[in-house]
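Build the full structure now, drawing on both the sequences and the hints.
Sequences listed follow chains S and D, in order.
Residue 1 is where the first sequence starts when you use our numbering, and the numbers rise one by one after that.
Residue 1001 is where the second sequence starts when you use our numbering, and the numbers rise one by one after that.
The hints are simulated quantities; they were obtained by calculation from the structure and are not laboratory data.
A few chain D residues facing chain S, derived, Cβ under 7 Å:
no., residue
1, 1021
2, 1022
3, 1023
4, 1092
5, 1095
6, 1100
7, 1101
8, 1103
9, 1139
These numbers come from a predicted model, not from an experiment.
Don't be surprised by glycine CBs; every beta carbon is placed ideally from N, CA and C.
Protein chains: 2
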Amino acid sequence: MNEPAIPSRDGGLVRVRLDVAYDGTDFSGWAPQPDRRTVAGVLAEELTRILGPVDGLTVAGRTDAGVHATGQVCHADVRAAAWAGVRDTVVRRLAGLLPADVRVLAAVEVPVSFDARFGALCRRYEYRVTDAPWGADPLAARYTLAWPRPLDLPSLSAAAAGLVGERDFAAYCKRKEHSTTIRALTRLDWRRAPDGVLVATVEADAFCQAMVRSLVGALLAVGDGRRPVPWPAGLLARTERANEVVVAPPHGLTLVGVRYPADPAGYAERAALTRNRRSPV
Amino acid sequence: MNEPAIPSRDGGLVRVRLDVAYDGTDFSGWAPQPDRRTVAGVLAEELTRILGPVDGLTVAGRTDAGVHATGQVCHADVRAAAWAGVRDTVVRRLAGLLPADVRVLAAVEVPVSFDARFGALCRRYEYRVTDAPWGADPLAARYTLAWPRPLDLPSLSAAAAGLVGERDFAAYCKRKEHSTTIRALTRLDWRRAPDGVLVATVEADAFCQAMVRSLVGALLAVGDGRRPVPWPAGLLARTERANEVVVAPPHGLTLVGVRYPADPAGYAERAALTRNRRSPV
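What follows is the structure in structure tokens.
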């Protein structure tokens, strides 16, 4: 047995960055789970068909069940020989193989210092919610929450502004052992789109699990008048999850983009920094 | 038996205009059919629940199976007493009763001279098709056709321009006895939207069955280079359906709007004119 089942890293592998979009409705989230249809599971299966054994998919945002993506990013290490044969046709071939609810928008070779997860500078999400009396427009209903009461944009905006900054978001996070709940929330604002839908844009270096939906849930309680404007920011004083915050449903949420250092020379530095910060001693 | 099962027209009925949107994916079109899920069938059932017996729905555009609408219009005659009790809450109540793939955007009382079908000045459709190598974006895949070859916008536009005008569209119509195939096509143009999707806007006084999809099918053959630019207009010389025209799939098509006379005084006149023109002796 001289052949390893999975080629070793130095045995002719290349790192490939994949830009991915999906409709999360019929997926049990990104992360592979036995007997569940997941984005990573479906994607890895078709990649393997074209490129041979794929050494795992490392992803920027491990989206929950029902959450969508238009700008997800992941990377995989694949056999260099297989890659050379398909690099110019892989997007079109995947389009023919993958189901309609997941698409690979681009697949390009990157330096091994590129890490889709730890190398990301920030993730950007959008949450769509409508307060129209008729509910969500049918063609957008899969990715728009219908809210049964009118929402006040100035209240949403004022409450959102109080959450921006490098803060401890323990109130909005599911507690995990040995990991910090401090995050740098660089953007959280609301606008009313031309079609009347309210869209929150949320950007941070990283998010805890269900954090975006917890923030949106707290803001919606302000938007429809059940809570005062300062309430969401006030919860930042807590050191434990705030159980009175209702997590907004997943289907309104879409991961729209991930940003990386413009210069590949910055990949390794960023990844090392992120690994350090996530596990403070 | 002095009570008729359906109230007579002069027995306290009011005419109500309904603006309707739907995702056509899971409907067998607009028109009621036994044992099929249709938009009119689902809508009439819930209207009856709120307003009592509904004397049929008359619609502006009898969309085929799989075709969507954001701006469909229909009318119904309902009992005045029932209407008076719900007129201010009917949209919100229907939102709670109807399935997510059909919505009533507005419901207002109109003069009995308003006729959603014969009173319409024009119908406007949009057809969305993408030639991106990865196919249709997942969140728009239900209403966007994925085309496997690149499409040339200038060719599409030039070919489309040759079809505009009052012409005999026999080549693009399913022949029906005793009805004309002459239509006034007032607009047919293409643009590339910011997301890269090609969108055709098609407007006419009225359309024969599958006419929009036949026009789009002929234009796509020009757009990907299989047919010359003058070919679609050349087919207008035919007096029978052109079987070499491939009807484009329904899911790319959406009825986006219907226009009526601005002044209700024009309703009756328009309706009489339309009835006349549709059935030339």
